[in-house]
Amino acid sequence: MMAMRSLPGLASSGLEHLSCPGSPSRSAISRSQYGIPPSQFSRVRSVANSTPLKTTLSVSKLNFNPFLAGESLGVSSSTKVGPAMKKALVHRVSAQAGDASSSDAYPEGTPKVGDVEVPKPAMRRVKIGIYFATWWALNVVFNIYNKKVLNVFPFPWLTSTLSLAAGSAIMLISWALRIVPAPDVDVEFWKGLAPAALAHTIGHVAATVSMSKVAVSFTHIIKSAEPAFSVIIQRLLLGEDFPLPVYLSLLPIVGGCGLAAATELNFNMTGFVGAMVSNIAFVFRNIFSKKGMTSGKSVGGMNYYACLSMMSLVFLTPFAIAVEGPKSWTAGWDAANLTVGPKIFWWVVAQSVFYHLYNQVSYMSLNEISPLTFSIGNTMKRVTVIVSSIIIFHTQVQPMNAVGAAIAIFGTFLYSQANQ
Numbered sequence: 004m005m006a007m008r009s010l011p012g013l014a015s016s017g018l019e020h021l022s023c024p025g026s027p028s029r030s031a032i033s034r035s036q037y038g039i040p041p042s043q044f045s046r047v048r049s050v051a052n053s054t055p056l057k058t059t060l061s062v063s064k065l066n067f068n069p070f071l072a073g074e075s076l077g078v079s080s081s082t083k084v085g086p087a088m089k090k091a092l093v094h095r096v097s098a099q100a101g102d103a104s105s106s107d108a109y110p111e112g113t114p115k116v117g118d119v120e121v122p123k124p125a126m127r128r129v130k131i132g133i134y135f136a137t138w139w140a141l142n143v144v145f146n147i148y149n150k151k152v153l154n155v156f157p158f159p160w161l162t163s164t165l166s167l168a169a170g171s172a173i174m175l176i177s178w179a180l181r182i183v184p185a186p187d188v189d190v191e192f193w194k195g196l197a198p199a200a201l202a203h204t205i206g207h208v209a210a211t212v213s214m215s216k217v218a219v220s221f222t223h224i225i226k227s228a229e230p231a232f233s234v235i236i237q238r239l240l241l242g243e244d245f246p247l248p249v250y251l252s253l254l255p256i257v258g259g260c261g262l263a264a265a266t267e268l269n270f271n272m273t274g275f276v277g278a279m280v281s282n283i284a285f286v287f288r289n290i291f292s293k294k295g296m297t298s299g300k301s302v303g304g305m306n307y308y309a310c311l312s313m314m315s316l317v318f319l320t321p322f323a324i325a326v327e328g329p330k331s332w333t334a335g336w337d338a339a340n341l342t343v344g345p346k347i348f349w350w351v352v353a354q355s356v357f358y359h360l361y362n363q364v365s366y367m368s369l370n371e372i373s374p375l376t377f378s379i380g381n382t383m384k385r386v387t388v389i390v391s392s393i394i395i396f397h398t399q400v401q402p403m404n405a406v407g408a409a410i411a412i413f414g415t416f417l418y419s420q421a422n423q
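With the numbering used here applied, the sequence shown corresponds to residues 4 to 423, in that order.
Calculated from the structure, these hints are not laboratory results. No incorrect hints appear here.
Derived Cβ-Cβ restraints for the label pairs, each shown as a range: (1) Val190 / Lys293: 16 to 22 Å; (2) Pro345 / Trp178: 27 to 33 Å; (3) Trp332 / Lys293: 35 to 41 Å; (4) Pro321 / Lys346: 27 to 33 Å.
Glycine is no exception: its CB is placed at the ideal position from the N, C-alpha and C atoms.
Start from the sequences, fold in the hints, and give me the full structure.
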């Protein structure tokens with residue numbers, strides 16, 4: 004026995020005329036009788052013999068279950084709908100919809116059983132786990148090679164430029180070979196992108212300058228304070244208010260960073276200021292990105308990051324030449340070759356390529372998960388980088404310095420929880 008609920012606005016697309024055996028005449032479905040536009044097709048559910056039917060069909064890229072059509076299908080609440088009618092409905096919907104198991108309606112990798120889609124959350128969790136592991140691993144590799152390069156070739160403006168150039172080249176090749184669909188952008192898009200790209204340029208260079216002066220672990224400890232700057236800037240400049248737990252989460256962030264800075268053995272003011280400037284710049288980058296995307300054509304995912312990198316490269320190149328210059332680069336390169344030999348070339352290639360790859364994977368991860376999960380993943384990424392850099396570069400860490408880092412990172416985790 005099946006209780007059918009009314010579902011107003013159900014269209015007749017794919018159900019032009021169907022008479023099911025063993026059912027009253029009211030079970031006939033007619034487009035002439037229910038002339039509702041296909042755009043109003045909606046999801047329907049059913050309960051047969053008091054047991055929910057969990058089969059879900061994809062119709063015109065919408066999730067559609069034909070087993071509960073309601074009185075707007077011409078089936079009264081007292082009508083008995085047997086297996087014959089269910090089978091006929093499934094057959095008719097599948098035939099009219101073309102491919103009822105369209106991959107557009109379900110994530111890639113979802114198993115298909117005939118016309119029925121069977122979601123598999125476990126596979127999605129594995130996919131997200133792979134994204135996170137890849138993201139963290141690529142970020143660690145980038146930071147290691149970036150520091151190796153800066154130790155023997157201390158030109159952060161050039162290395163920042165090369166990392167943006169490598170990413171731009173990779174994406175241009177990907178678009179040319181159609182590995183990645185090229186974005187459809189207009190002049191308004193680039194105008195809206197310009198402020199975000201300028202802020203990204205400043206933040207990227209400032210972080211690289213910081214790493215050229217202090218340990219990788221210290222730079223990332225200070226950069227964990229970015230949420231504090233985000234709240235302060237949005238509150239003072241944009242007038243946005245936040246829940247009390249968000250403000251409270253800033254206390255361990257600020258306190259932890261302060262403790263870590265005060266107990267840093269190799270403290271350098273340029274490195275400290277560079278990390279702080281990077282925090283502020285990236286906050287403005289995020290703000291400008293949100294505002295800039297309200298005009299022009301919208302581009303998301305790694306294509307947005309690619310466009311951001313290309314415009315940042317245009318901004319950064321003349322400043323890199325003015326601040327450091329080809330003569331300094333040539334002399335520095337010769338000195339690096341004398342110190343480590345040809346390895347310097349491959350280190351530069353590695354830091355440039357891995358910079359783009361880890362950012363690309365992070366954007367791919369963001370497409371798969373919620374902002375909260377992404378924030379937590381970003382926090383854990385810093386933990387991974389800090390720990391690995393301490394081990395690889397044998398960085399001396401005092402107990403109170405480690406406590407300060409732990410408090411700051413824990414505060415970042417609390418912020419990501421409170422801000423959702």
